[in-house]
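S.K.: This is what each chain is made of:
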Amino acid sequence: MSQTLALTRIETKLFVREWSGLFFVFALPLGLLTIFSLLGGNDGSDGIPVSFLPSMAIGIGIGILGLGTLPMMLAGYREKGVLRRLSTTPVRPVKLLIAQLLLHLAAAALVIVLILGVGSLFFDAALPGSPLRFTVAALLYCVSQLALGLLIGGLVPTAKAASIVGNVLLFPSMFFAGVWTPGDLMPESIRWLRDVTPMGAGMSSLQDSWSGGWPDGVHVIAMLAVTAVSIGVAARFFRWE
Amino acid sequence: MPENDLVVVQNLRKTYGATVAVDDVSLTVREGEIFGILGPNGAGKTTTVESIAGLRSPDAGTVRVIGLDPRTRRTEITSLIGVQLQASELPEKIRAREALELYASFYPSPRDPAELLEQLGLTEVRETQFAKLSGGQKQRLSIALALIGNPRVAILDELTTGLDPQARRDTWELVRQIRDAGVTIILVTHFMEEAEYLCDRIAIIDKGRVVALDTLAGLVDAARSEQRITFRLPAELPDNAILTSLPAVRTLTREQDRFIATGTDELLVAVVTELAGRGLAPIDLHTEHTTLDDAFLALAGRNFEGVER
Numbered sequence: 001m002s003q004t005l006a007l008t009r010i011e012t013k014l015f016v017r018e019w020s021g022l023f024f025v026f027a028l029p030l031g032l033l034t035i036f037s038l039l040g041g042n043d044g045s046d047g048i049p050v051s052f053l054p055s056m057a058i059g060i061g062i063g064i065l066g067l068g069t070l071p072m073m074l075a076g077y078r079e080k081g082v083l084r085r086l087s088t089t090p091v092r093p094v095k096l097l098i099a100q101l102l103l104h105l106a107a108a109a110l111v112i113v114l115i116l117g118v119g120s121l122f123f124d125a126a127l128p129g130s131p132l133r134f135t136v137a138a139l140l141y142c143v144s145q146l147a148l149g150l151l152i153g154g155l156v157p158t159a160k161a162a163s164i165v166g167n168v169l170l171f172p173s174m175f176f177a178g179v180w181t182p183g184d185l186m187p188e189s190i191r192w193l194r195d196v197t198p199m200g201a202g203m204s205s206l207q208d209s210w211s212g213g214w215p216d217g218v219h220v221i222a223m224l225a226v227t228a229v230s231i232g233v234a235a236r237f238f239r240w241e
Numbered sequence: 001m002p003e004n005d006l007v008v009v010q011n012l013r014k015t016y017g018a019t020v021a022v023d024d025v026s027l028t029v030r031e032g033e034i035f036g037i038l039g040p041n042g043a044g045k046t047t048t049v050e051s052i053a054g055l056r057s058p059d060a061g062t063v064r065v066i067g068l069d070p071r072t073r074r075t076e077i078t079s080l081i082g083v084q085l086q087a088s089e090l091p092e093k094i095r096a097r098e099a100l101e102l103y104a105s106f107y108p109s110p111r112d113p114a115e116l117l118e119q120l121g122l123t124e125v126r127e128t129q130f131a132k133l134s135g136g137q138k139q140r141l142s143i144a145l146a147l148i149g150n151p152r153v154a155i156l157d158e159l160t161t162g163l164d165p166q167a168r169r170d171t172w173e174l175v176r177q178i179r180d181a182g183v184t185i186i187l188v189t190h191f192m193e194e195a196e197y198l199c200d201r202i203a204i205i206d207k208g209r210v211v212a213l214d215t216l217a218g219l220v221d222a223a224r225s226e227q228r229i230t231f232r233l234p235a236e237l238p239d240n241a242i243l244t245s246l247p248a249v250r251t252l253t254r255e256q257d258r259f260i261a262t263g264t265d266e267l268l269v270a271v272v273t274e275l276a277g278r279g280l281a282p283i284d285l286h287t288e289h290t291t292l293d294d295a296f297l298a299l300a301g302r303n304f305e306g307v308e309r
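Heads up: the sequence lines are chains E and B, in that order.
Using the numbering used here, the final residue of the first sequence is 241, and nothing's skipped along the way.
Using the numbering used here, the final residue of the second sequence is 309, and nothing's skipped along the way.
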């Protein structure tokens with residue numbers, strides 16, 4: 001346990017020292033929230049629900065953690081022999097994975113606190129109607145994205161490859177999640193994709209919690225399926241070196 | 001097993017697909033010595049020490065470290081062996097002190113990180129990030145990490161490759177100090193000078209086999225007393241054993257119609273007498289005397305990259 005804690009402590013420091021990662025994870029969602037709040041006045045008058053903007057910002061922040069920073073970190077460590085070096089010590093390398101997951105969960109929590117806090121303090125945005133249901137939705141979404149991150153980070157050979165694969169997944173994810181086409185603006189024929197991609201399902205579930213609803217069954221199944229498949233494949237094929 | 005044999009490798013074999021990395025390696029490392037594993041690139045040195053460290057599972061043969069199997073007794077072995085690996089880095093932004101403190105937390109009875117930084121001359125760069133350290137500093141930090149767990153055996157793989165001559169000499173002094181402090185060292189190198197300078201005993205590995213294993217003095221003597229002759233024969237040799245069974249003959253190889261025999265200084269007389277007795281007087285007979293430096297090349301079998309003199 002103390003080994004995991006020591007690793008988590010150091011990994012957190014290293015994470016904080018990586019400016020570009022920090023920017024995308026925290027500044028980008030916060031920037032989106034700020035700009036659209038100032039531009040649109042997030043009051044629901046334009047037909048876009050007030051829950052959309054904070055859900056989108058949180059969805060993107062957590063998406064970048066899962067598709068960007070986590071797989072790049074893991075693939076980079078394997079590429080440079082950091083994991084190999086670790087396996088010659090009494091520590092099992094899986095503890096580094098646990099440390100990374102804890103760190104990314106904490107970063108996700110921070111993204112959520114930032115978005116909800118800044119939204120409610122500065123832009124008078126409504127908070128989720130049901131904190132419990134919001135937490136369930138956020139956890140499901142977070143776990144599915146981080147599982148995807150483990151999968152990518154476990155399979156691709158280099159940090160560069162991880163960043164390419166991550167980006168290739170991130171942008172379609174955002175598109176199908178309806179980041180640019182909230183609510184009814186998304187063409188009907190592809191709305192089903194919003195329900196089954198993890199970011200779409202995650203954002204929809206987060207939005208539901210604003211009006212006090214539980215996540216929709218389809219969304220829950222989609223997120224759990226992505227989690228299970230990702231972890232299953234990663235566990236089978238994860239390469240330590 | 002004698003009590004002071006710390007590492008015992010017997011008939012180790014390891015292949016990667018069709019490539020034979022280690023064909024047949026046996027060696028023992030004694031407590032308190034600096035044991036050199038010398039050989040050209042691709043000889044199987046790294047695979048051998050990775051097997052000792054438990055990073056590779058042998059296809060055949062056994063490895064024991066203080067009587068333990070490195071593959072099945074990971075917890076004990078990783079605490080007993082400190083490893084400095086080729087091509088293993090630290091995260092770019094970790095500071096020297098942080099890396100040592102982190103690794104210290106992995107071991108049951110670690111050394112004091114501050115003391116080790118001091119001993120390795122890293123105190124001034126203790127707050128410097130790994131990526132900003134010089135080659136020599138990175139290498140010293142890597143040695144510090146190999147020692148932080150208070151190991152009985154330290155494996156140092158190509159530790160001076162890429163260092164300038166001064167940094168190399170400093171590192172050598174350091175290795176001696178570490179041994180004098182009671183740590184047994186397995187040193188992998190392709191620098192002959194390094195092995196000569198540091199090692200108590202040396203195994204020369206080539207093409208996955210140990211071609212010689214002795215003290216430096218022993219290797220030199222063996223090389224001096226070794227004779228090598230080449231010849232052709234007027235007719236087929238009925239059986240190689242006619243020659244290889246002679247006590248003076250150590251090896252007999254054949255390149256097209258030319259025989260090459262090595263052995264003791266009785267070699268020439270023994271071979272010629274035996275062949276003449278069978279009516280096979282050798283033709284085009286040459287004897288070759290190897291110089292000391294050539295002897296190492298001869299023992300290692302082929303071109304030896306990195307020989308500096």
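No lab work stands behind these hints: they were computed from the structure.
Bear in mind the structure is a predicted one, so any value in this text is a computation, not a measurement.
Take the hints with a grain of salt, since some may be wrong.
[To be verified] Here are the simulated EDC-like cross-link-like pairs (lysine to aspartate or glutamate), alpha carbons at most 20 Å apart as the crow flies:
id	chain 1	residue 1	chain 2	residue 2
1	E	Lys95	B	Glu101
2	B	Lys93	E	Glu79
3	B	Lys138	E	Asp124
4	E	Lys13	B	Glu92
5	B	Lys93	E	Glu18
6	E	Lys95	B	Asp23
7	E	Lys160	B	Glu89
8	E	Lys13	B	Glu101
S.K.: Any hints from earlier that this structure breaks? Give me their numbers in increasing order, please.
M.R.: Numbers 3 and 6 - these are the hints that the structure violates, sorted from lowest upward.
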